[in-house]
Amino acid sequence: MNEKRAILGLKVVLWICALTPAAWLGAAFYFDAYAANPVAKVSLGANPIEKLTHVTGMTTLVLLLITLSVTPVRRLTGWNRVIKLRRTLGLFAFFYAFLHFSIWSGLDQTFVWAWMIEDVIERPYITVGFAGFIILIPLAITSTTGWIRQLGTRWTVLHRGVYLTATLGVIHFYWLVKADVRLPLFLGACLVLLLSWRVVFSIRKRRRVSPRKDTAPATP
Amino acid sequence: MIIRTRKPSDVPSSEITPEHVYVNRRRFIRNAAVGAAALAIAPRALRGITDGPAQEVPARFANMKSELGEELNPYRDVTTYNNFYEFGTQKEDPSRNAGDFQPAPWSIRVEGLVNNPGDYNLEDFIGPSNVEDRVYRMRCVEAWSIVVPWRGFPLADVVKRADPMGDAKYVEFKTVVRPSEMPGQRTRVLDWPYVEGLRLDEAMNPLTLMTTGVYGMDLPNQNGAPLRLIMPWKYGFKGIKSIVSMNFVEEMPRNTWWVQNRREYGFFANVNPQVDHPRWTQKRERRLGEFRRRETLMFNGYTDEVQSMYEGMDLTRWI
Numbered sequence: 122m123n124e125k126r127a128i129l130g131l132k133v134v135l136w137i138c139a140l141t142p143a144a145w146l147g148a149a150f151y152f153d154a155y156a157a158n159p160v161a162k163v164s165l166g167a168n169p170i171e172k173l174t175h176v177t178g179m180t181t182l183v184l185l186l187i188t189l190s191v192t193p194v195r196r197l198t199g200w201n202r203v204i205k206l207r208r209t210l211g212l213f214a215f216f217y218a219f220l221h222f223s224i225w226s227g228l229d230q231t232f233v234w235a236w237m238i239e240d241v242i243e244r245p246y247i248t249v250g251f252a253g254f255i256i257l258i259p260l261a262i263t264s265t266t267g268w269i270r271q272l273g274t275r276w277t278v279l280h281r282g283v284y285l286t287a288t289l290g291v292i293h294f295y296w297l298v299k300a301d302v303r304l305p306l307f308l309g310a311c312l313v314l315l316l317s318w319r320v321v322f323s324i325r326k327r328r329r330v331s332p333r334k335d336t337a338p339a340t341p
Numbered sequence: 021m022i023i024r025t026r027k028p029s030d031v032p033s034s035e036i037t038p039e040h041v042y043v044n045r046r047r048f049i050r051n052a053a054v055g056a057a058a059l060a061i062a063p064r065a066l067r068g069i070t071d072g073p074a075q076e077v078p079a080r081f082a083n084m085k086s087e088l089g090e091e092l093n094p095y096r097d098v099t100t101y102n103n104f105y106e107f108g109t110q111k112e113d114p115s116r117n118a119g120d121f122q123p124a125p126w127s128i129r130v131e132g133l134v135n136n137p138g139d140y141n142l143e144d145f146i147g148p149s150n151v152e153d154r155v156y157r158m159r160c161v162e163a164w165s166i167v168v169p170w171r172g173f174p175l176a177d178v179v180k181r182a183d184p185m186g187d188a189k190y191v192e193f194k195t196v197v198r199p200s201e202m203p204g205q206r207t208r209v210l211d212w213p214y215v216e217g218l219r220l221d222e223a224m225n226p227l228t229l230m231t232t233g234v235y236g237m238d239l240p241n242q243n244g245a246p247l248r249l250i251m252p253w254k255y256g257f258k259g260i261k262s263i264v265s266m267n268f269v270e271e272m273p274r275n276t277w278w279v280q281n282r283r284e285y286g287f288f289a290n291v292n293p294q295v296d297h298p299r300w301t302q303k304r305e306r307r308l309g310e311f312r313r314r315e316t317l318m319f320n321g322y323t324d325e326v327q328s329m330y331e332g333m334d335l336t337r338w339i
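Chains as they are written, first to last, in this note's numbering: chain A, 122 to 341; chain B, 21 to 339.
By construction, these hints were calculated from the structure, which means they are not laboratory data.
From the three backbone atoms N, C-alpha and C, an ideal C-beta is built for every residue, glycine too.
All clues stand as given, with none of them false.
Capping the alpha-carbon separation at 16 Å, the derived lysine to aspartate or glutamate pairs in EDC-like fashion look like this: (1) B:Lys303 x A:Glu243; (2) B:Lys303 x B:Glu315; (3) B:Lys303 x A:Asp229; (4) A:Lys299 x B:Glu284; (5) B:Lys189 x B:Asp221; (6) B:Lys180 x B:Asp144; (7) A:Lys162 x B:Glu112; (8) A:Lys299 x B:Glu162; (9) B:Lys189 x B:Glu270; (10) B:Lys189 x B:Glu271; (11) A:Lys299 x B:Asp211; (12) B:Lys303 x A:Asp240; (13) B:Lys180 x B:Asp221; (14) B:Lys303 x A:Glu239.
Which stretches of chain A does chain B cover? Using the computed rule of at least three CB atoms under 8 Å from a CB of chain B, they are: (15) 164-173; (16) 299-310.
Build the full structure now, drawing on both the sequences and the hints.
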């Protein structure tokens, strides 16, 4: 009962935290649009479309990495119920990815298809970002309990796509900065840590589950 | 006999906009004809805050326009959104982190292949030059642009006073190094000091402005106080800030962004919509304060003034 409460509490915290960037952008938009005196600290600044794009993109990456840390946390702490946060986290990541994509296509490119197609084809950083977003769509659709039941083990395989999206997302970020690669490299290091933990974990698990015959203890 | 010379600050009273008109202008409201319903509710926010009581600027700028009839970007845009990696790599960083910088006293060294080398304090460096307002478009290599009323004098004046020798082909400029006042210099994001250069004919071009101010006032720290370059037909990174030295040399200087990545940033860095940055398009740009991207102009719209300098050069190679 206490554990359930803890999860519920965490979920409330998660919703509040995950909605904070969107709320901040909304408030900044409101103040810029309607406040008689602009609020300097809460403002989209001189290039609002760029600010909207950056904040939603950054939030997507952070949420993807947090989503990917749920399983390691679960295995390392043995606290299995933490898995209940994973879907919410993943869907929030998709929510921000969708906002990010919509802001790019609608506000930045103003739905000029020729510009967008050219960018997706010719600009590698946009190509990988776009691919990462496309991969997330089927994952978001199949995140319901019904789909999980229906797909069974195939669901697990399909949802490994999130590893690819997170990787493409970090590359997208790394390729678009001009000189200051510190933040993309930091996120990349976090991603490598999270993915390599999975590799090590699955190797160990395989050894435990099916020990090689010649090393199996002889049974009398 | 009294000889009256007209200073840039002398404005006939008929040209001065009444303060209430100026303070209440709302350029966004006027420009608010955006079709989409979502945009119609708050177009101002998507075009950026560009008015408000951030800074009183001299009234003569209220109706000033560029030679193409473009409106000026407000003081707030110019002073809160720019690149100056010495103070951080985000656009807001210079305005946030430049507060401790001391632009006075200031001294500039003129050296190299010149007949009149020397160290000058700022006042002597400006010397007899006529400081004037000049409205220029600035096009950043990152595909955004801004219209700014700079204040300065022709770099050609400085070059003439320095009196270059026959071997001098280029001028190399350096930014001050002061990690204690410039937090970005405590990181290794770029090779410090920031270095830029011009060919001698580019330095002599009448458009090239040794810039000491903006909106009729001294340059704020974040914009390169007390002295910076503006070449409006080149990408913004050529406009080196907080200059402490000018070296007349024979070889093409190794400018900072060229050193950082020569495949992406050249020595000339002329605005050219036909040559894309390897990672993004240079065909279009977002003018701060506008919603939809606009077409980028060859040489940023200054073709008549500068193209003769590049005749016979392959501008797809000499980026």
